[in-house]
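*Asks:* All chains should be built: construct the whole structure from the sequences, respecting the hints.
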Amino acid sequence: MNPHRRSPFIIVAAALTYFFLYAPIVGLVLYSFNASKTNIAFEGFIPAFGELKTDGSLIAQSPCGLFHWYCELAKNSDVIEAAGNTLTIAFTATIVSTIIGTMAALALQRYNFRIKPFSQLALYIPIVIPEIVMGIGILTLFSQLFGWANATFGLTGDARFTLGMATVTMSHIAFMVPFVTLVVQARLQGLDKSYEEAAMDLGADEWTTFRRVTFPMILPGALSGALLAFTLSLDDFVITFFTNGPGSTTLPIYVYGLLRRIITPQVNALSTVWIFVVFVAVLLLQILQNRERKPHL
Amino acid sequence: MLKRLRENKSAQGTLLALPTTLWLFILLVVPLFLTLVISFGRRGIDGNVTFVFDQNHTPFDNYIRLFGYSVTNCHSGQAACFDPLYVNILWRSLALAFNTTTLVILLAYPLAYFIARARPKQRNMYLLMVLIPLWTNFVIRVYAWMILLRKEGSINIVIGWVMRWLNIPFTPLEMLYTPGAVLVGMVYEFLPFMILPIYTSLEKIDPSLYEAAADLGANPLKTFFRVTLPLSMPGVVAGTILVFIPVMGTFIVSDILGGRQVILVGNLIQRQFLDARDPTFGSAASLILMIMTLIVTYFYTRKFGFGEEIVVA
Amino acid sequence: MTSEFAVELRDVVKKFITPEGAELNAVDHVTMQIKNGEFFSMLGSSGCGKTTSLRMIAGFEWATEGEVYIEGKAMGRTPPFQRRVNTVFQNYALFQHLTVYENVAFGLEMERVGKDDIKRRAGQALEMVQLIGMDRRKPNQLSGGQQQRVALARALVKTPNVLLLDEPLGALDLKLRKEMQLELKALQQRLGITFIYVTHDQEEALTMSDRIAVMSKGKIQQIGVPVEVYERPANKFVADFIGESNFLAGRIESISENEASVFIQDLNAAVIGTPISDGLIKGEAVVVCIRPEKIRISEKGALNQKLFPGKVTNTIYIGADTHVFVDAFGAKLKVWEQNRVSRLDPKSFYMVGQEVWLALMPENTLVLKKD
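Residue numbers (the working numbering), protein chains in the order written: chain U, 1 to 297; chain B, 298 to 610; chain H, 611 to 981.
I should point out that these hints are in silico values taken from the structure, not numbers from a laboratory. Don't be surprised by glycine CBs; every beta carbon is placed ideally from N, CA and C. Treat each hint with caution, since some may be false.
[To be verified] Just a few of them, taken from the derived set where beta-carbon distance is under 7 Å, the chain B residues facing chain U:
{"hint": "1", "residue": "321"}
{"hint": "2", "residue": "432"}
{"hint": "3", "residue": "434"}
{"hint": "4", "residue": "442"}
[Claimed, not checked] Straight line, CA to CA, 27 Å or less: simulated DSSO-like cross-link-like pairs of lysine-lysine:
{"hint": "5", "chain 1": "B", "residue 1": "501", "chain 2": "U", "residue 2": "193"}
{"hint": "6", "chain 1": "H", "residue 1": "827", "chain 2": "U", "residue 2": "193"}
{"hint": "7", "chain 1": "B", "residue 1": "306", "chain 2": "U", "residue 2": "193"}
{"hint": "8", "chain 1": "B", "residue 1": "306", "chain 2": "H", "residue 2": "683"}
{"hint": "9", "chain 1": "H", "residue 1": "625", "chain 2": "B", "residue 2": "306"}
{"hint": "10", "chain 1": "H", "residue 1": "748", "chain 2": "U", "residue 2": "193"}
{"hint": "11", "chain 1": "U", "residue 1": "116", "chain 2": "B", "residue 2": "306"}
{"hint": "12", "chain 1": "H", "residue 1": "683", "chain 2": "B", "residue 2": "300"}
{"hint": "13", "chain 1": "B", "residue 1": "300", "chain 2": "U", "residue 2": "116"}
{"hint": "14", "chain 1": "U", "residue 1": "193", "chain 2": "B", "residue 2": "300"}
{"hint": "15", "chain 1": "U", "residue 1": "116", "chain 2": "H", "residue 2": "625"}
{"hint": "16", "chain 1": "B", "residue 1": "300", "chain 2": "H", "residue 2": "625"}
{"hint": "17", "chain 1": "U", "residue 1": "193", "chain 2": "H", "residue 2": "625"}
*Replies:* Spelled out as C-alpha cells, the structure:
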C-alpha cells in the first residue's frame with residue numbers, strides 16, 4: 001500500500017464515523033442505569049445508598065444498587081422465556097441449515113446436475129428480495145396451509161396447526177441456507193480437488209474420503225457459515241415477526257413489543273446485556289482464531 | 298444400486314442439493330407464487346380471501362388502488378379520481394432508499410479507506426469495531442436512536458448546553474417522529490453493510506498499482522480518482538445492493554422512529570397483514586415492492602456489474 | 611490376472627465440453643501399451659492430453675470411448691480406490707491436517723493392514739525416500755523436496771504394480787530436480803515396478819525413460835526409446851519438439867529405400883538425406899530436418915564431402931558448446947559445435963560476417979513429410 005500516509009481528512013472522517021456508530025450504543029448503556037422509571041429523561045444514576053427525591057417517578061434506593069434494572073430483568077420471566085426461545089430456534093436452525101447448506105455448496109461447486117439451475121435460482125432469491133416480502137409470503141403459505149389442514153382434518157383447540165416455534169424455525173432455516181451455502185462455496189473454490197483424488201487413489205471410497213479428508217478441510221468454512229447463520233437467526237426480526245405465534249416470542253420481538261408499550265430502563269438493561277454478550281463472544285472468537293492460526297502458515 | 302449412484306455424477310449432485318432446493322422451493326418460491334395469486338383476490342366479508350368477482354370488483358382492484366385509482370375519498374361529485382396516497386408511499390420509500398444509500402456511501406467510504414490503509418495488525422481491530430454494533434440487535438439499535446432523538450434526549454441536552462453557553466434561547470428540537478429521524482435511523486442501521494464490502498474491494502487492490510501510478514507521475518489525489526476509486530467500485534456496488542434492498546422493505550425504523558407520521562411500503566404491508574386484515578392488498582403491495590426492487594437492482598447491476606465476489610467478506 | 615502389459619489404452623477418446631459449449635477431444639484415439647517394469651513417459655506441452663490420459667489410468671476420469679486396461683483387466687468406470695495403481699500428484703496433495711507418518715499410513719489403513727504392519731511398512735517407505743525422523747511433522751513444515759518424497763512414500767508404501775507420476779518434479783529448483791530425476795530412476799529400477807511419468811520437460815523424459823510417448827493435441831505423435839525419438843523423429847512435430855532442429859523446405863528429386871535427394875530451391879542444389887516418413891514420392895514437397903550438432907562447420911573447405919557455403923550472423927559461447935548462427939540454404943541455421951579445444955583467443959571463434967563451409971551427412975539429414 002501507499003506508505004502509510006494518513007491524510008488528516010480521512011482520519012477525522014473515520015473518527016467521526018466511529019463516533020456515529022457508537023454514540024447511540026453508549027447512550028443506551030448509560031440509560032440502563034437511569035434512576036427514572038419512565039426513562040424519558042436521564043435523572044441521574046441509581047444510588048447504592050442514600051436518598052433521592054421520591055416523587056413517584058424516581059427510584060429512591062434499590063437493593064441491587066446501580067444495577068436495579070438488571071435485577072428486574074433477571075426476574076422477568078417473559079424475557080427469560082424469549083431468550084430461551086431465541087436460542088433454541090437459533091441452534092436448531094443453524095444445525096439444519098449448515099448441514100443442508102454445506103451439502104448444497106458441495107453440489108454446486110463440484111457437480112453439474114439437472115436441477116442445478118433451480119438450486120441456484122432458489123438460493124439467489126433471498127438475496128434480492130426484501131425480507132418483508134419473504135415474511136408475508138411465508139405467512140401466507142402457513143396460514144393458507146394451516147387453514148386448509150385444520151378444516152380438512154377437523155382440528156380444533158390445541159390440536160390445530162398454528163404459528164409457533166416450528167414455523168419460525170423452518171422460516172429461519174429458509175433464509176439462512178443461502179448464506180451458509182455462499183460462504184462454504186467460497187471456501188470450496190480455493191480447495192484443490194487433488195486431496196480427495198489422492199485419498200481415493202490410496203484406496204478410500206467416497207464416504208471414507210469425505211470423512212477423513214473432505215470434511216476436515218471444509219470444516220472451517222462450514223463453521224464460518226454456521227456462525228453467520230447463528231447470528232442471522234439470533235438477530236432476525238422481520239421473518240420472525242410474521243411467522244411467530246404465542247409461545248414462540250424471540251428477544252427481538254419481545255423488545256419491539258416493549259417499545260410499543262411502556263418503556264422502562266429495563267429495555268436498556270436488556271440491550272446492554274445483549275451487547276455485552278456479543279462483545280464477549282466476539283472476543284472469544286478472536287482468541288480462538290488467533291490460536292488456530294499459529295501452527296499453520 | 299450404490300454402484301450405479303457412484304457412476305452417475307449428476308445424480309450425486311442432485312442428491313446433495315435436493316434438501317436445500319426442496320426446502321427453499323417450498324418456503325420461498327411457493328410463497329412468492331401464493332402472494333402473486335392472492336394479490337388478485339379480494340377481501341371477503343369474514344376476512345378470508347375470495348376470488349368471486351363482479352362488475353364492481355375485478356382481480357386487478359388491488360393494483361389499481363395502489364396506483365391511485367380510487368372510488369372513495371374523492372372530491373364531491375366525482376365518481377372516481379386519482380388518489381396519490383399509495384403512490385406517495387411507494388415514491389417515498391424509493392426516495393428514502395436512494396437517499397439512505399447515498400449518505401451511507403459518503404460515510405462508509407472514508408472509514409473503509411481508513412481501515413484499508415491501516416497497518417495489517419490493526420485492521421482486524423478496526424473491522425471488529427465496525428462489526429460489533431452490527432451484531433447487537435437491529436431493534437435495539439433503532440431504540441438507541443429513539444433515546445438520542447427525543448425532546449429530552451441526549452442530542453437535545455448537548456445542544457442545550459452549547460446554546461446556554463452561547464446565551465442563545467433554545468427550545469428542544471422535535472427530531473423524533475420526523476422523516477429526518479427515519480433517514481438517520483436507516484443510515485445508522487445499514488452503514489456497516491457498506492463499510493465491509495468497500496473495505497474488501499479496497500484491500501484487494503494490488504499495492505504495486507499505486508507504485509506504478511506514482512512511477513507514471515500521478516500525485517496522490519489523481520491516484521485516488523483514477524486508480525483507487527474505479528477499482529473499489531465492485532465493493533460500492535455490492536454494498537449498494539446490500540443497503541438498497543433492505544431499506545426498501547424495512548418497517549421497524551419508520552415504525553419506531555417515524556411513529557404514525559412516516560409511512561413506507563413496509564409499514565403499509567405490515568398493517569395490511571396485521572391491522573387492516575386485507576392480505577390481498579398487502580400481497581399486491583408486497584409484489585409491487587419486490588418488482589420495484591428487482592427493476593432497480595437489474596438496471597444498477599447492468600451498469601455497474603455485480604460485485605458478488607465482494608459479498609463474501 | 612497377468613498380461614503382457616502393465617497398462618494398455620485402446621483407442622481411447624476423452625471428450626470435454628468447453629465453457630463456450632464446443633466439444634473438445636482432450637485425448638483423441640490414443641492407443642498405447644506399457645510394459646511391465648518399464649519407465650514410460652508421456653511428453654508434451656500443456657493441453658496435449660498427457661495428464662488426462664494419466665488420470666484415466668488412475669480412475670479420476672472415465673474414457674468417453676475406448677478402454678483402459680490395467681494388468682489385462684478392462685477398467686470401465688471402476689473408481690480409483692478399486693484400482694491397483696497409485697498416483698504421485700503434481701502438487702503432492704499431502705493431507706495438511708495429518709502428519710507425515712499419518713499421510714504415509716493412510717493408504718495402508720484403507721487396506722485394513724494391522725497396526726504393527728503399518729508401522730513397519732511406513733517406516734520402510736520413509737527410509738526408502740530418506741525421510742526418517744520426520745514422522746511427526748506436518749506437511750507445511752517441510753520443504754518442497756521433502757513434501758515430494760512424502761508423496762512418493764505414501765504411494766509406494768502400498769506396493770502398487772504401477773506408479774503414476776504427474777509432473778512430480780515441476781515445483782523443485784533445477785539442482786534438486788536433476789538429483790531427483792536420477793533418484794527416481796534408480797528407485798524404479800530397484801523396485802522393478804512400472805512407472806508412468808508425465809512431463810513437459812523433454813530433457814527429463816530423455817534422461818529417465820525406457821520409452822517415451824510424445825503427445826500433441828490429444829494424439830500420440832511417436833512412441834519409442836529415447837534414442838529413436840531423438841534421432842529418428844516420426845514427424846515434423848516431434849523433430850521440432852524434441853531438441854533443436856533446422857528445417858529446410860525442398861522437393862524430392864529422387865528417392866530410394868535408404869536415400870532421398872531433396873532439391874532446395876534457394877540453394878539451387880540438392881542435399882542427400884534419409885527418408886523417415888512413410889510413403890514419400892518423387893516430386894513431393896518435403897521438409898529436411900538437421901539437428902544443430904550434426905552439422906560440421908569449418909572455415910575452409912576440406913576433404914571430399916559436399917560442402918555448402920554460409921555466412922555467420924551470430925556466435926554465442928555457452929561454455930561446453932559454441933552456438934553459431936549461419937545463413938545458408940536460404941535459411942537461418944543453428945550450428946552447435948562442441949568446444950573440444952580450449953579457445954581463449956576471441957579471434958578463434960567464428961566472427962560475424964565470416965564465410966564458413968557446412969557439411970551434412972546423409973544419415974543425419976532427415977526427410978520428413980511437410981505437414
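*Asks:* Minimum Cβ distance from residue 432 (chain B) to chain U below 7 Å?
*Replies:* 5 Å, holds
*Asks:* Take a quick look at whether residue 193 (chain U) and residue 300 (chain B) sit within 27 Å of each other, Cα to Cα.
*Replies:* 22 Å, holds
*Asks:* Take a quick look at whether residue 300 (chain B) and residue 116 (chain U) sit within 27 Å of each other, Cα to Cα.
*Replies:* Within the cut-off at roughly 23 Å; holds.
*Asks:* Should the interface hint for residue 434 (chain B) be scored as holding, given a Cβ-Cβ cut-off of 7 Å against chain U?
*Replies:* Cβ of residue 434 (chain B) sits 5 Å from chain U, so the hint holds.
*Asks:* Are residue 625 (chain H) and residue 306 (chain B) close enough, with their CA atoms no more than 27 Å apart?
*Replies:* 16 Å, holds
*Asks:* With the threshold set at 27 Å, check whether the alpha-carbon distance from residue 116 (chain U) to residue 625 (chain H) stays at or below it.
*Replies:* 22 Å, holds
*Asks:* So if I understand the rule, the pair passes when the alpha-carbon distance is 27 Å or less; does residue 827 (chain H) with residue 193 (chain U) pass?
*Replies:* Distance of about 24 Å is within 27 Å: holds.
*Asks:* CA of residue 306 (chain B) to CA of residue 193 (chain U), is that 27 Å or under?
*Replies:* 15 Å, holds
*Asks:* Below or equal to 27 Å on CA atoms is what counts here, so check residue 300 (chain B) against residue 625 (chain H).
*Replies:* 23 Å, holds
*Asks:* Report holds or violated for the interface hint on residue 442 (chain B), using the least CB-CB distance to chain U and a cut-off of 7 Å.
*Replies:* Result: holds, 5 Å to nearest chain U Cβ.
*Asks:* Within a Cα-Cα threshold of 27 Å, do residue 116 (chain U) and residue 306 (chain B) meet the stated pairing?
*Replies:* 13 Å, holds
*Asks:* Is the Cα-Cα distance between residue 306 (chain B) and residue 683 (chain H) 27 Å or less?
*Replies:* 24 Å, holds
In this structure, none of the earlier numbered hints is contradicted; all agree with it.
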